[in-house]
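*Asks:* Given chain A, put chain B in place with the hints provided.
In the order they appear, the protein sequences are chains A and B.
Okay, so the first sequence: first residue is 111 according to this note's numbering, each after it adds one.
Okay, so the second sequence: first residue is 6 according to this note's numbering, each after it adds one.
Please keep in mind that the hints were generated in silico from the structure rather than gathered at the bench.
Beta carbons: idealized from backbone N, C-alpha and C, even for Gly.
Some hints here could point you the wrong way.
As the list claims (entries may be wrong) - Pair by pair, the computed Cβ-Cβ distance ranges are:
id : chain 1 : residue 1 : chain 2 : residue 2 : range
1  : A       : F358      : B       : G211      : 50 to 60 Å
2  : B       : S132      : A       : L166      : 40 to 50 Å
3  : A       : L202      : B       : I30       : 25 to 35 Å
4  : A       : K135      : B       : I174      : 30 to 40 Å
5  : A       : L202      : B       : T60       : 49 to 59 Å
6  : A       : I158      : B       : F34       : 40 to 50 Å
7  : B       : T60       : A       : F138      : 25 to 35 Å
8  : B       : H81       : A       : C145      : 39 to 49 Å
9  : B       : E306      : A       : T271      : 19 to 29 Å
10 : B       : L235      : A       : E315      : 31 to 41 Å
11 : B       : S134      : A       : K162      : 29 to 39 Å
12 : B       : P293      : A       : L166      : 45 to 55 Å
Here is how the chains run, residue by residue.
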Amino acid sequence: MSIIFVLLVVLLCLMAMIGENRGVKSFFILLMNFCSFFIMLKAVAFGIDPIKATILECIIISSITLFFINGFNRKSAAAFISVLIVVIICILFAYKTGTGAKLQGFSNENPGSAAYLSYYVHVNFSKLVTCEILIGLLGGIIDVAISISSAMNEVFVNTFTISKRDLFRSGLNIGRDILGAMTNTLLFAYLSGFMPLLIWLNMAEYSFADLINSKLFCPEVFQIICSGIGIVLIIPVTAAITTSILLFNIHTINKA
Amino acid sequence: MIKIQLSGLYKHLKNNKGKFIAVFILFVFSICCLYFIAANDSLYSKTIAEIISVTQTNDKQAQDIYGNTEEICTQHISAVILNGNHKDEVIYMTNNISESQVFDTKYDIKDKVFITYHENSQKAIISASILDLKRDKYMAYILAVFLFLIILVGGKKGLRALASVAINIFIAFCLIKLYIFRVNVFLIITLSCLIFIVFSILLVNGRNQKSYAAILGTLAGTFFSLAVTLIVIYATNGAGMHYEEMDFLPYDSRQLFAVEVIIGTLGGIMDIAITISAAVKELSDKSPDIDKKSLIKSGKEIGKDIMGSMANTLIFAYISGSIPMIIIWLKNGYSVSTVINFNLSLEIIRALTGSIGIVISIPITIYISVFLICGNRTGAKA
Chain A
111 MSIIFVLLVV
121 LLCLMAMIGE
131 NRGVKSFFIL
141 LMNFCSFFIM
151 LKAVAFGIDP
161 IKATILECII
171 ISSITLFFIN
181 GFNRKSAAAF
191 ISVLIVVIIC
201 ILFAYKTGTG
211 AKLQGFSNEN
221 PGSAAYLSYY
231 VHVNFSKLVT
241 CEILIGLLGG
251 IIDVAISISS
261 AMNEVFVNTF
271 TISKRDLFRS
281 GLNIGRDILG
291 AMTNTLLFAY
301 LSGFMPLLIW
311 LNMAEYSFAD
321 LINSKLFCPE
331 VFQIICSGIG
341 IVLIIPVTAA
351 ITTSILLFNI
361 HTINKA
Chain B
6 MIKIQLSGLY
16 KHLKNNKGKF
26 IAVFILFVFS
36 ICCLYFIAAN
46 DSLYSKTIAE
56 IISVTQTNDK
66 QAQDIYGNTE
76 EICTQHISAV
86 ILNGNHKDEV
96 IYMTNNISES
106 QVFDTKYDIK
116 DKVFITYHEN
126 SQKAIISASI
136 LDLKRDKYMA
146 YILAVFLFLI
156 ILVGGKKGLR
166 ALASVAINIF
176 IAFCLIKLYI
186 FRVNVFLIIT
196 LSCLIFIVFS
206 ILLVNGRNQK
216 SYAAILGTLA
226 GTFFSLAVTL
236 IVIYATNGAG
246 MHYEEMDFLP
256 YDSRQLFAVE
266 VIIGTLGGIM
276 DIAITISAAV
286 KELSDKSPDI
296 DKKSLIKSGK
306 EIGKDIMGSM
316 ANTLIFAYIS
326 GSIPMIIIWL
336 KNGYSVSTVI
346 NFNLSLEIIR
356 ALTGSIGIVI
366 SIPITIYISV
376 FLICGNRTGA
386 KA
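Looking at chain A on its own, in the form it has when it is part of the complex:
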């Protein structure tokens, strides 16, 4: 039996035991997201522009994750809009700096590349860098966005007469509390993936000057820092969007 299958079953059992209904739901959403990821890659391989495919994929994953787990309500709508805004900003930023720094593809020194593959594949690899960065940080920003918007909703429901400014402030505060934990989560996740490469770079005794210019090291650092930027950006954006959505409803109700 394949190890992946066994681990999947273990995960399903644990999620069902501890999370009950919602745990099972989360498990299947995970699978759906994974499938949609491969559909996107197939589409890119088929010839669709990587950036457009990424934007579409971000919309699909965030709507599956937000609306299926949390239901269609103000909280998840606010989180969805904020995620989309940050995704667009990050795409612009990552594409501009990524193409400037020419981080695409693999390095000639890449220790793990296979010689038997054809590398003339007719796909724009500069755009693929953006796709990689966006998919990597998407899960993180969705998590932060829904945490902030649902906590703000609690604050809003409990103190009905809160002013716009105070609500925004409390959103920022909630965001600041989770900022450290989330940046560390992504840092560790990426570090574990880069371990073999980092060990190799250490053994090859690259100097610091070589390291910060090399095509092996820079894309990894670039991805970590871009995720950090995404995580930081989502905090004020979600605070602002949630504030305006929650208070917008109030004004329309009052007028009616």
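*Replies:* Relative to the frame of chain A, chain B by itself:
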């Protein structure tokens, strides 16, 4: 009108004088750093040249057996040398590029590149070629943007987060150094895990009961998830695991994979443990009469909310790095299942063990924090 706005701004600045000065100093500092890095060519021992003109000629079309065609072009580049013995000399180079740019790089005017050259007996350059792009400017640029944003948005807490990230990178660096010196792997893992967890949680959260509960919860969660992974690997005899990705290293791939699993899982579990212990503490503070049973129940509700999105985060962070390789394999005519088996098996296993760790750590952290927080409360009453 403008005057009023200006006086309001002035008042605001006066009230937040410290903050304003901090942001201003940071801004000036990062501008200085960027300027320095943009003009640091003389510090490099490698020769650097700035490209002044590029002309491109189409040479031929490459076609592989899967029907992918690409234009192969040659760039004729002239550049000025910026440092070393040949400073200010103009050189001419050629550079072959393909459309996808998988291994090659297309250069533009104003790019700075590292070059290598041959000299004749009169020390004049007879031929030169491009080694790589000079990337330090871009790295410094995004780092500056990140630092600026995190301090602007996060304030003091942002600084703390930054400090913990810096410490973690430093610990990871030490861990790798120790690993290369072949110190006992399990000693390294336990030590670095302890330091990672204690430092990050104490730095981000401060010294209090919440943090102690989170530390214990993380430790237990990490231990259990590693145990589950090892048991499953042992029971299935490693069926479906492909270590080819790590073949270039002269180390035991299984050991290295265990280290990777622990490091990768740690962040997610820490996040969960901090969230849950903070929520339990908050609940017990808001309603001091709450009994343990309902405290555990609310903790579980929170756990259900966060476990799905956390597992999502981990999976995408792990598999995103493989996207270029997956595209190449798909374009080379391999099926999705082959790609998953050969390119993603380690990533998926890591993501799954990470998710298992997250789910397990939820009840563990709930019980530990209820025990610590409520136990202390009854102790204080007596």
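*Asks:* Hint by hint, note whether the structure agrees.
*Replies:* Tested hints:
{"no.": "1", "hint": "A:F358 to B:G211: 50 to 60 Å", "verdict": "37 Å, violated"}
{"no.": "2", "hint": "B:S132 to A:L166: 40 to 50 Å", "verdict": "47 Å, holds"}
{"no.": "3", "hint": "A:L202 to B:I30: 25 to 35 Å", "verdict": "28 Å, holds"}
{"no.": "4", "hint": "A:K135 to B:I174: 30 to 40 Å", "verdict": "36 Å, holds"}
{"no.": "5", "hint": "A:L202 to B:T60: 49 to 59 Å", "verdict": "30 Å, violated"}
{"no.": "6", "hint": "A:I158 to B:F34: 40 to 50 Å", "verdict": "43 Å, holds"}
{"no.": "7", "hint": "B:T60 to A:F138: 25 to 35 Å", "verdict": "55 Å, violated"}
{"no.": "8", "hint": "B:H81 to A:C145: 39 to 49 Å", "verdict": "47 Å, holds"}
{"no.": "9", "hint": "B:E306 to A:T271: 19 to 29 Å", "verdict": "27 Å, holds"}
{"no.": "10", "hint": "B:L235 to A:E315: 31 to 41 Å", "verdict": "33 Å, holds"}
{"no.": "11", "hint": "B:S134 to A:K162: 29 to 39 Å", "verdict": "36 Å, holds"}
{"no.": "12", "hint": "B:P293 to A:L166: 45 to 55 Å", "verdict": "50 Å, holds"}
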